[in-house]
Amino acid sequence: MTTQTDRPEATESLDTSGLLCPLPVYKAAMVLGKLREGEVLHLTCTDPGSLEDIPAMARQRGDVLLASEDRGDTQVFWIGKGAS
Amino acid sequence: MTATLSSESLSLGTDAEARRFGDIRDLLPNVHNPTPLVRVNRVGTLAGVETYLKLEWLNPFGSVKDRAAAYLLAGMAERGDLDGRDIVEASSGNTAIALAALAALAGKHLTVTIPDGVPEEKKVMLRMLGAEVWETPDDLCPVNHPKDGAIALARSLAASEGGSRFAMANQYENEDNVRAHYETTGPEIWRQTEGNVRYFVAGLGTTGTITGTGRYLKERDPSIRVIAVEPHKGHRLPGLKSFKEAKEPGILDWDIIDEVIHVADQPAYEITKRLHREEGLIVGPSTGAVVHAINQLGDTARGIAVGISPDSGSKYSSYFSDVLGDDGLPKI
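First to last, the sequence lines map onto chains A and B. Going letter by letter, the first sequence gives residues 1 to 84 in my numbering. Going letter by letter, the second sequence gives residues 1 to 332 in my numbering.
Please note: incorrect hints may appear among the correct ones.
What the hints assert, rightly or not - Below, in silico cross-link-like pairs of lysine-lysine (PhoX-like), each with a Cα-Cα straight-line distance of 25 Å or less: (1) B/108 to A/27; (2) B/233 to B/244; (3) B/233 to B/218; (4) B/273 to B/233; (5) A/27 to B/244; (6) B/331 to B/123; (7) A/34 to B/123; (8) B/218 to B/273; (9) B/233 to B/247.
The set of hints was computed from the structure by calculation and includes no laboratory data. Treat the numbers as computed from the prediction; the structure is a model and nothing was measured.
Using the sequences and the accompanying hints, generate a full structural model.
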C-alpha cells in the first residue's frame, strides 16, 4: 500500500469500481464541477489507468490531489476542488 | 396492400405507391424507395459536369445515418447483443438520432456520448427522443489516449461492469454500417443515374457511406471515380472528420477511394449559403463541403457527379448564425 499523505476529510464520495477509463475521469470531473473551492472528493477506482489519469485530470482542471493510496486492486484519491 | 378489417377498427397496411405507411420504419430507404437525386443547377459551376445531390435528409429520421442505424440495430438484435442490454454509441448526432428513434421503437434505450462542438439542436433532439446524452471533450483522457474522447467513453461504458449494461453499436468498426450503403445507397444511385454516374463524392466521417456505396459502384463499373472530402485539422464542419486529428475508422477501405479533396470551412459555408439561396436546398454544412469538392474536380472532368447531402440545415441554425454575422438583418 502506498500512502501519499494523510487522509483528508471528504465532502463527497464517488466509487467508480468496475468502470474503465475514461469513465472514472468523466464522472470525477462531473462531481468536482459541482463542488465549491476547497471541498474534497474521495474517489475510488479499480481501473489501473486511473493511477496516471486521475492526477493528470486534477492538474489539468486546476484541482489539487491531496492524497492517494494504491491498494493493489483499488486506487483511492482525495482531490481538493481548486478555484474555478 | 391489404386492409385488415376487424369488428372494432379498420387497419390500413403500408402502400408505398400511395405513400401510406403503417410504421415509420417502412419509410427507410431502399432501391424501391430511394431518397431523391436532385440536380444542382446554379452552384455546380464546373463545365461538363452535371452535379446531383442525393438528399439524405428526406429519410424518416432526417439524415444519411438512418441507413446505418437500421442495419446496426438489426445486426445487434440478430446477434443477441441486445438481450438484457441497452444501447450505447458515440455519435456527432445523426447516427444517434436515428438510433434513438429506432431503439425506442424496439423498446430499447440509447445512451449517446457526443463530442465537443455538436450543435445544441442535435443534443436537444436526442433528449426529446428519450436518449441520455453524455457530452464528452475530445481530450477527455489526459494521459496516453488519442482524440475521440466520445468513442473512448462509449467503449468504456460498453466494457464496464462486465459488459452487462450496454451493447455498443460501434458504427466506426461495424461492417453493418458499410453493408447498409452497399445494399441501399449504391444500388439506388446506380439505378437513379441509369448506370451513368462518373463521380461519387462523399465526406469522410464514419466512412460507412463512402466505403459501402463506393464498393458497390466500383463493382458495377470500376471506372467510376470515388472522391472523399476531408476537412482540415481543427475544422468546424460537423459530421466530417480529419484523419490528421481523428483515428481512422476500422471500416474505412482506402482501396475504394481514388482521390481525397481537402475542403476548408469558409468555402464550404459559402457554398452552403449559396445552396440555400440559389437552389432552395436547405442543407447542412457538410453538403456545402461536398459540392465545393465537386467544383474542384478539374477541367477534364466530364459527366454525372453524385454527391451525398447527409443532412438538412435545420440542425445547424446556431452555426449558421455565426457564419451569417449581420447578413440578412436590416441595415440602418
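| Hints broken by the structure, by number, lowest first? | 3, 5, 6 and 8
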